[in-house]
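S.K.: As a plain string of letters, each chain reads:
There are 2 protein chains.
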Amino acid sequence: MAISTTTKRIYNFSAGPATLPLPVLEEAQRDLMALPGAGASVLEISHRSPTFDKIIGDAEADLRHLLNIPDNYVVLFLQGGATLQFSMVPVNLMRGRPADYVKCGTWSKKAMDEAKKEGEARVVWDGSADKFNRMPEASEIKVNADAAYLHVTSNETIEGVEYHTDPHLPGATVVCDASSDFLSRPMDVSRYGLIYAGAQKNVGPAGAVIVIMRKDLLEGTPAKLHTMLDYKVMADNKSLYNTPPVFTIYMVGLVLRWLRTEVGGLPGMLKKNQEKANLLYSAIDRSGGFYKGHAQPQSRSLMNVTFRLPSEELEKKFVKEAETRHMDGLKGHRSVGGIRASIYNAFPYEGVEALVELMDEFHQKNS
Amino acid sequence: MAISTTTKRIYNFSAGPATLPLPVLEEAQRDLMALPGAGASVLEISHRSPTFDKIIGDAEADLRHLLNIPDNYVVLFLQGGATLQFSMVPVNLMRGRPADYVKCGTWSKKAMDEAKKEGEARVVWDGSADKFNRMPEASEIKVNADAAYLHVTSNETIEGVEYHTDPHLPGATVVCDASSDFLSRPMDVSRYGLIYAGAQKNVGPAGAVIVIMRKDLLEGTPAKLHTMLDYKVMADNKSLYNTPPVFTIYMVGLVLRWLRTEVGGLPGMLKKNQEKANLLYSAIDRSGGFYKGHAQPQSRSLMNVTFRLPSEELEKKFVKEAETRHMDGLKGHRSVGGIRASIYNAFPYEGVEALVELMDEFHQKNS
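If you're matching them up, the sequences are chains A and B in order.
Take 9 as the starting number for the first sequence in this note's numbering and just add one per residue.
Take 9 as the starting number for the second sequence in this note's numbering and just add one per residue.
Just so you know, these hints were derived from the structure itself, not from any lab.
In this text the structure is predicted, and so the values were computed from the model without any measurement.
Don't take every hint at face value.
One copy or two, it doesn't matter: identical chains are merged, so the pair holds either way.
Unchecked claim - List of simulated lysine-lysine pairs, DSS-like, C-alpha gap at most 25 Å:
(1) LYS339 / LYS300
(2) LYS279 / LYS223
(3) LYS300 / LYS139
(4) LYS232 / LYS117
(5) LYS118 / LYS246
(6) LYS328 / LYS232
(7) LYS223 / LYS62
Generate the whole structure from the sequences, applying the supplied hints.
M.R.: Structure follows, in structure tokens:
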């Protein structure tokens, strides 16, 4: 059957939910009325059906392949976003001990606030004096032997700072909120006890969060946890204790397959992300201070590029001018202002070129 | 643009996720690449965008219109399904007092199990001796003055028993799990303190749960609740404290509009549901005991029609025979066996006709 569809698309620089790969959207659209062989839309199929067994099984297999996840880790697809993980992590893992947090931006602060409801959350590195403009070196982080875990945030979406390697912190159970740079580069999973990532930046639409967890951490979780907060129950039921977000997981599966088969896996993805980010940071650097990047160079995020213009008036004007050129979502987060260009995995190189062209012209006209 | 799509569809009797209205699927498919005027897929748009403001605002307005929701109630769109509500209800509302539960089937038992983790959960009516084959009359339910709330389940999906009116229990704060018959009939919201319903039966795809809550219950919720469990935070942020399941809420909105504009609201929907259920129960009743309905007549569910055949062998054969006729999802829940035909709002009358035709023929051939 052939249908007419709407296809006029802009460059969407939103921080999340964010741009998805075109081939993924096209396949989802093609099969929306009825998944081939299933006789029903993926929006309608039972989560106990063989069709969905294959969808979630393939998604897990592709994720394991992409990240080379060791066998002693489980993969979970849950609901509630990273925000529910801010609670699930301390509820499951603190067990009466203090937990350590690297305070490197808005989201790590939010994660810590939930941990404080459960027990003692200690700051082991604090970037607030520098307005969160860099990530710490591993050597700056004090690892405490009595900590239940050490929480890091691999990319701070609002400030635009990112770790570019996996922190090597022997002796610590490292828990990582990887929501906004998950699958943007290869990752050494074995350095972490637990990794979680909301889907809506690099992995799919909003409505699912992926958890990768070392199996030994499932032992000894507290008794009488509420079921939806209990990693052990979720793992024992292979993410199907209750009805999961079937369509969201299907979309995540399509994105994972795209990463494997069309992008060249995570090394291929990293190369593309570096090319896009380099193009944009170069435009900032050659502007002679007209555009001022927020992050220190060694911590510049490849995902969220944050910068200021000489005045708030010029920033407003810049955002408006971008909109006339079909570029949306460039206004910085209300808490920090400025400009933020989120250029996640699926964001096209051509969109960055269009932004850089605008930046050069805008600078010339307004200086 | 015109695209080729897959459209071969079966009759899907699944208990949830379940069949969605065809016009809803068609509109979602048409606009999947780019929502008109937005320049991006609804799978990609920011939850802070004016486009999504309108989507969630329209959904709430349509829901308020359909159910005639009084102004002193808030409407929330949350994640985690009804299962997370099993916990959120006691966590927010018990406040050191006991809570009362009507034990009328599998799901009400599960709800009570979570409440027991929080405090004292008392059974005020128990249908287990009769294998949950009926709902209690309001007069059979003991209302205790010291209870924080009284929990009822309006339709038990697994056993196929349903209330057909709203329990009138003055003096009690009635909390209702309406997951599997929500919006199948008009409802007097003012009789309840809180109504919750997972979307994936009558209202949309899996991944969202709707909560309708009397505003005074938001006052005095416990301090230091984990944010994602806190109704007050969710209400104060109009369901946008963190990233909501944008696409799922969009789909719910399309279903609500379909109910308003194409079905004739909830009175129109109830009439259609009665017609479908009557057709099916009549086939059971005229079979002279070959098909045995589980529910007592006054509690028969219009949503989930459960019945047995003379033997498990015949039940297996019946399900197989149905599959050859493109009818799927008829196997009863593993905990009770038998046959279950879920015929929610969007399930077509023609599908019930096809099932009844099979039932008559199968009876003739196998007796």
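S.K.: What hints, given by number in increasing order, does this structure fail?
M.R.: 2, 6
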